[in-house]
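Residue numbers (my numbering), protein chains in the order written: chain A, 585 to 878; chain B, 585 to 878.
Errors might be hidden in some of the hints.
If several chains are the same, the list does not tell them apart, and a pair holds so long as it fits within one copy or across any two.
Below are the SDA-like pairs computed for lysine to any residue, each with C-alpha atoms no more than 25 Å apart in a straight line [as the list claims (entries may be wrong)]:
1) Lys-741 to Asp-606
2) Lys-868 to Asp-838
3) Lys-836 to Tyr-865
4) Lys-741 to Ala-702
5) Lys-741 to Pro-698
6) Lys-833 to Val-787
It is worth saying that the hints were derived from the structure and are not from the lab.
Since the structure is predicted, the reported quantities are computational estimates derived from the model, not experimental observations.
Number of protein chains: 2
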Amino acid sequence: MKRSPSKKRPHPRDIAVLDTIDAMRRYVKGMRGKRRIIGFVPTMGALHEGHASLVRAARKECDIVIVSIFVNPAQFAPNEDISKYPRTFEHDRALLETIGAHAVFYPSARMMYPSGFATAVSVDSLSSMLCGMSRPTHFRGVATVVAKLFIIVAPDKAYFGEKDFQQAAIISRMTEDLNIPVTVRACPIVREPDGLAMSSRNVYLSPTERKDAVLLYRSLITARKTYREGVRDPARLKDSMKTVLAEGKSLKLDYIEFVDPVTLAPHTRADNRTRMIMAVYCGKTRLIDNMRLA
Amino acid sequence: MKRSPSKKRPHPRDIAVLDTIDAMRRYVKGMRGKRRIIGFVPTMGALHEGHASLVRAARKECDIVIVSIFVNPAQFAPNEDISKYPRTFEHDRALLETIGAHAVFYPSARMMYPSGFATAVSVDSLSSMLCGMSRPTHFRGVATVVAKLFIIVAPDKAYFGEKDFQQAAIISRMTEDLNIPVTVRACPIVREPDGLAMSSRNVYLSPTERKDAVLLYRSLITARKTYREGVRDPARLKDSMKTVLAEGKSLKLDYIEFVDPVTLAPHTRADNRTRMIMAVYCGKTRLIDNMRLA
Numbered sequence: 585m586k587r588s589p590s591k592k593r594p595h596p597r598d599i600a601v602l603d604t605i606d607a608m609r610r611y612v613k614g615m616r617g618k619r620r621i622i623g624f625v626p627t628m629g630a631l632h633e634g635h636a637s638l639v640r641a642a643r644k645e646c647d648i649v650i651v652s653i654f655v656n657p658a659q660f661a662p663n664e665d666i667s668k669y670p671r672t673f674e675h676d677r678a679l680l681e682t683i684g685a686h687a688v689f690y691p692s693a694r695m696m697y698p699s700g701f702a703t704a705v706s707v708d709s710l711s712s713m714l715c716g717m718s719r720p721t722h723f724r725g726v727a728t729v730v731a732k733l734f735i736i737v738a739p740d741k742a743y744f745g746e747k748d749f750q751q752a753a754i755i756s757r758m759t760e761d762l763n764i765p766v767t768v769r770a771c772p773i774v775r776e777p778d779g780l781a782m783s784s785r786n787v788y789l790s791p792t793e794r795k796d797a798v799l800l801y802r803s804l805i806t807a808r809k810t811y812r813e814g815v816r817d818p819a820r821l822k823d824s825m826k827t828v829l830a831e832g833k834s835l836k837l838d839y840i841e842f843v844d845p846v847t848l849a850p851h852t853r854a855d856n857r858t859r860m861i862m863a864v865y866c867g868k869t870r871l872i873d874n875m876r877l878a
Numbered sequence: 585m586k587r588s589p590s591k592k593r594p595h596p597r598d599i600a601v602l603d604t605i606d607a608m609r610r611y612v613k614g615m616r617g618k619r620r621i622i623g624f625v626p627t628m629g630a631l632h633e634g635h636a637s638l639v640r641a642a643r644k645e646c647d648i649v650i651v652s653i654f655v656n657p658a659q660f661a662p663n664e665d666i667s668k669y670p671r672t673f674e675h676d677r678a679l680l681e682t683i684g685a686h687a688v689f690y691p692s693a694r695m696m697y698p699s700g701f702a703t704a705v706s707v708d709s710l711s712s713m714l715c716g717m718s719r720p721t722h723f724r725g726v727a728t729v730v731a732k733l734f735i736i737v738a739p740d741k742a743y744f745g746e747k748d749f750q751q752a753a754i755i756s757r758m759t760e761d762l763n764i765p766v767t768v769r770a771c772p773i774v775r776e777p778d779g780l781a782m783s784s785r786n787v788y789l790s791p792t793e794r795k796d797a798v799l800l801y802r803s804l805i806t807a808r809k810t811y812r813e814g815v816r817d818p819a820r821l822k823d824s825m826k827t828v829l830a831e832g833k834s835l836k837l838d839y840i841e842f843v844d845p846v847t848l849a850p851h852t853r854a855d856n857r858t859r860m861i862m863a864v865y866c867g868k869t870r871l872i873d874n875m876r877l878a
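Here chain A stands alone, though its shape is the one from the complex (with noise of 0.2 Å):
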């Protein structure tokens, strides 16, 4: 009997949805027995190009590609609105689709944070600086579910983003101290062409805000350009950052750093290896961006 090509989809093949534990587990085993190389990539949804460029690298080096989309309570602190964070999960799975994604993980609160859970992941010296000071609990949030998600999704490699820089070397501490064995890959971050660092909250933006938005990575560019000219102290940099940033009249600068790429320590002279590091409001919405000094 000849099969209906209307039941045929090669593609956007369909995406498995996965929203429980015990169904992500067993998908999961089911390729491990088929012995698949597992790529991963968490997200709290409303994807972008960024997130898309996380799967496809996922896909240069992985047979399957999981991306969790999970809007994690324990990393907004209680004045952080949750509530108002982007979901677009319809959108979210077609993208996934097109970009060639198998599984998505879309599991409840309820489920990850079952009542009584009481156990929580920290990095310390790496969570309390830069993004930290602002936002105390948020990394405390950020390990803990990244933890569970590596536990149970149990990937071979694991893509973030480097717009988080923070986040990403806070990731890559805990899964080697608690020898979790997930090679984490810290991916470039992928800008908007006139240079703004793709991010879920650019929707937020009014279309002021959105112009004076691109201001963090001009300011960059700027300190780039000032080290190349030979300047090595930290303070002048940060004021030819801050000069730029004056230009926008949203802006409110929350912290520049200028750091070690690993421990997040604060370099007193600068060097090729420099990250600098950068939290800007732009009216009410917090942006973040980085960037190697060299």
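Model the placement of chain B on the given structure of chain A, informed by the hints.
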């Protein structure tokens, strides 16, 4: 060619000693390939009949029993002398061979906590009370090392003694919260003929202290008897225990609490589920014990 009979050592057979994380993972991978059910008993060495009972429980339910011996620096406070903790590796290995354990994981502190190590696992709501009052960082160190060991050894089942009841509750909670696929078994306390709970720390006791130490057990039995006579007020039950403890001149009470066996929250009215938990200084040695009220 005949093999020399002297090469055969059927019982006690050689136990595998794995002193690196990689060697441990390879051993487990090999056993998994043969579909062996793996049981795990984490210890700090100085093994006694309490540990032996855990190995026996593991042998009943599993094909392979792995015992870790690691005096975990993270669970000792600066004022607690880790260098004095009893270390008896050759004795431990011989005992484990005799009772039929298959492998010992015996890593160094440098391997478990390499330079730059920065991660902690904590179960705050269960860790601050009871023994956490006098040892504020202790359970954080325990939860961290057990998470690491569970991830490295990846056993099916793990066995803990109920002697450290709070520890067993914390490890159960942590394992469930982090979705670690290990079944945690809490096994009954093993006691000396006179009732003293077995502990590696009992070797520290002078003959007089050893005599006094049995009063912990006797006080628990007394509270049980008082409860059976109809007393439900924890304060009165505690008083009956304190009267017994007062007979020991070397004893100094740290705490007695009557708690829920899962949440460790205090019971204001005792019932059959109530767990009595206590810690008492016996000379300079801190002893713990606990018992179900009924």
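Going down the list of hints, with the structure as the test:
1. Lys-741 to Asp-606: both (21 Å within a copy, 18 Å between copies)
2. Lys-868 to Asp-838: Answer is within; shortest intra-copy Cα gap is 12 Å, inter-copy 51 Å.
3. Lys-836 to Tyr-865: within (5 Å within a copy, 57 Å between copies)
4. Lys-741 to Ala-702: Classified as between: cross-chain Cα gap 22 Å, same-chain 28 Å, threshold 25 Å.
5. Lys-741 to Pro-698: Result: close only across copies, 22 Å inter versus 27 Å intra.
6. Lys-833 to Val-787: within (19 Å within a copy, 71 Å between copies)
When the structure is compared with the earlier hints, no violation turns up for any of them.
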